[in-house]
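Chains S and P supply the protein sequences, listed in that same order.
The numbers in my numbering rise by one with no breaks, and the one at position 314 of the first sequence is 314.
The numbers in my numbering rise by one with no breaks, and the one at position 92 of the second sequence is 92.
Simulated from the structure, these hints should not be mistaken for laboratory data.
It should be emphasised that the depicted structure is a prediction, and the values quoted were computed from it without experimental measurement.
The C-beta atom is built at its ideal place from N, Cα and C for all residues, glycine as well.
Be careful, since some hints might not be right.
[Unchecked claim] Example chain S residues on the side facing chain P (calculated, C-beta under 10 Å, incomplete):
no., residue
1, Gly67
2, Phe68
3, Asp134
4, Met139
5, Phe149
6, Leu203
7, Asn204
8, Leu214
9, Gly252
10, Ile263
11, Arg265
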Amino acid sequence: MEKRDVAILGVGQTKFGHHPDKTLVDLFAEAFYEAYNESNIELKDIEAIYYGNFVGEMTDGSANLSGFIADEIGLKGIPARRYEAACASSSVAFREAYLAVAYGIHDCVAVGGSERLYNAGTAIGTRALATAVDGLHEMSAGLTFPGVFALATRLYSKKYEIPLEKLREMMAMVSVKNHKYGALNPKAQFHNKFGDLRVEDVLNSKVICSPLTLFDCCPMTDGGSAVIIATADFAEEVIDNPVYILGTGQSGAGGLFRQKEDIIRAIPRKKASEMAFKEANLTPKDVDFVEIHDCFTIAEIIATEAMGFFEYGKGANAVVDGITSIDGDLPVNPDGGLIGKGHPVGATGTSQIYSVVKQLRGEFKYNPVKSAEVGMTDTLGGDFGTLVNIILGIHRRG
Amino acid sequence: MYAITFKEFYDSLLEGKLIGMRCLDCGAYTCPPKAVCDECGSKNLEKTLMSGRGRITTFTTTYIAPMGYDKEVPYTVAMVELEEGPWIVGRLEIENADEIGQELLGEEVEVFGKEFPTEMFYPDKKRRVVPIFRLLRKF
């Protein structure tokens, strides 16, 4: 079957933070209209909706949301479906949408997600997030998501022989960097906040799951994001700045205890990124910047290694050496990442796409990556249960 | 279809016995149970009694608990590599894990089960059995 090139027409994102007065449907609709308004298409051009949401049942008592969303935005009756893959929900939705357009099922579709975890409060939010671990064998002990990455932190320290206190300082530099960038991003939860965070502030903040402190963790967030994609041929007819989808990959795994020591090597991420690089016919060296799933500081470090940017055990050094800073060789999370921008779980994946597209179009003026042509996203669902990588560029696939 | 059900697994754990599955094709052990051998995917499995001993590979003390677990904080979740190879998640029976720190990694433990009240979303609506890891050496 012939595979068609696919491009992004428009992107949208709500302000991330606390939205007590907007439902899951409202948040999606707001992001959708921003994306639609810059797509230069008619509403009837949109043939289907791919929507990501993680825990609408627990935060808002709402499931089966896709039909309501289609109805809300004026697309009554078109095929709409919800994808649930924890934090990777809208990245899975995006990849499915891409494949549908690439292989001729649809020509133009809307993708996105929304979530309301801030509004749900910490106790419900933490329990809701924990539904992404093994519900029986991990939840029995009360494992939480900060807990998952706290377990990974101790393993990483031991495996790579970096004393824990030194590793914590290196991890704190991820938080300092991402808060610095998040403070610059007007749509971030922490816009104008924590931009001058120091390593000692991270180390001395409240312990959540030892050795992780509050500032090692991303916040609970409400928000929505949306993207409109179509065949590259159509995109080139209607807009003058398409961003092309060059490669996508997805992989997954069972519980932490099945992955054993591999949790610090994130094998599903290695597989997903290799799949994406192969499809894009690119290597890690070709990527100008990445928006990575830094749900916790150690998560960003592990991710950069698994995606092939740094050797295993060297990701923490890359942070210290400034390689992942905005003026380094591989800027990581110039939009603030989950830590600085916020993490409305089901909306996070397409929010990363939003930031990469804005950068590639030269519209991310508050923290621009210089002469960026290829950007990549990385979204982790659960404790490596789902992993999605997407590569975008300003030129068609070579 | 299951060589061991999760009910049987947790019933045994409460009696102080850790059970698992041995693969009759590749010889690997799988614990806790799943539908196939965790190593090779074979369904040619037999129920087996595990030694119930292993070593701590990592741990974390949780101070902020999810809804339903708040009365139990602080609690220490650990992963243990069993003598037969599989890793399992449970709780470490120690109160000062953070003070001891990385030194706990590699320490030998034995496993038993302890029953806790279930919570709204836990799959077993009657009980929640937690694997508890007891250190063989005093700290």
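For each hint, the structure was consulted:
The interface hint given for S:Gly67 is broken, as the beta carbon of that residue sits about 25 Å from the closest beta carbon of chain P, more than 10 Å. Taking 10 Å as the C-beta contact cut-off toward chain P, the hint placing S:Phe68 at the interface is violated, the least distance being around 24 Å. Restraint check, S:Asp134 versus chain P: the minimum CB separation of about 8 Å is within 10 Å; hint holds. Given the 10 Å rule on beta carbons, the hint for S:Met139 holds: about 6 Å separates it from the nearest Cβ of chain P.
Evaluation of the S:Phe149 hint against chain P yields a held restraint, the C-beta minimum of about 9 Å falling below 10 Å. Hint on S:Leu203 is violated. Least Cβ distance to chain P is approximately 14 Å, over the 10 Å limit. Violation of the interface hint for S:Asn204 is found here, the shortest Cβ-Cβ separation to chain P being roughly 15 Å, above the 10 Å cut-off. A hinted interface residue such as S:Leu214 counts as satisfied when its beta carbon comes closer than 10 Å to some beta carbon of chain P; here the least separation is about 9 Å, so the hint holds.
A hinted interface residue such as S:Gly252 counts as satisfied when its beta carbon comes closer than 10 Å to some beta carbon of chain P; here the least separation is about 15 Å, so the hint is violated. Taking 10 Å as the C-beta contact cut-off toward chain P, the hint placing S:Ile263 at the interface holds, the least distance being around 9 Å. Checking S:Arg265 against chain P by beta carbon gives a least distance of about 14 Å; that is not within 10 Å, so the hint is violated.
The structure fails to meet hints 1, 2, 6, 7, 9 and 11 from the earlier list, while all remaining hints are met.
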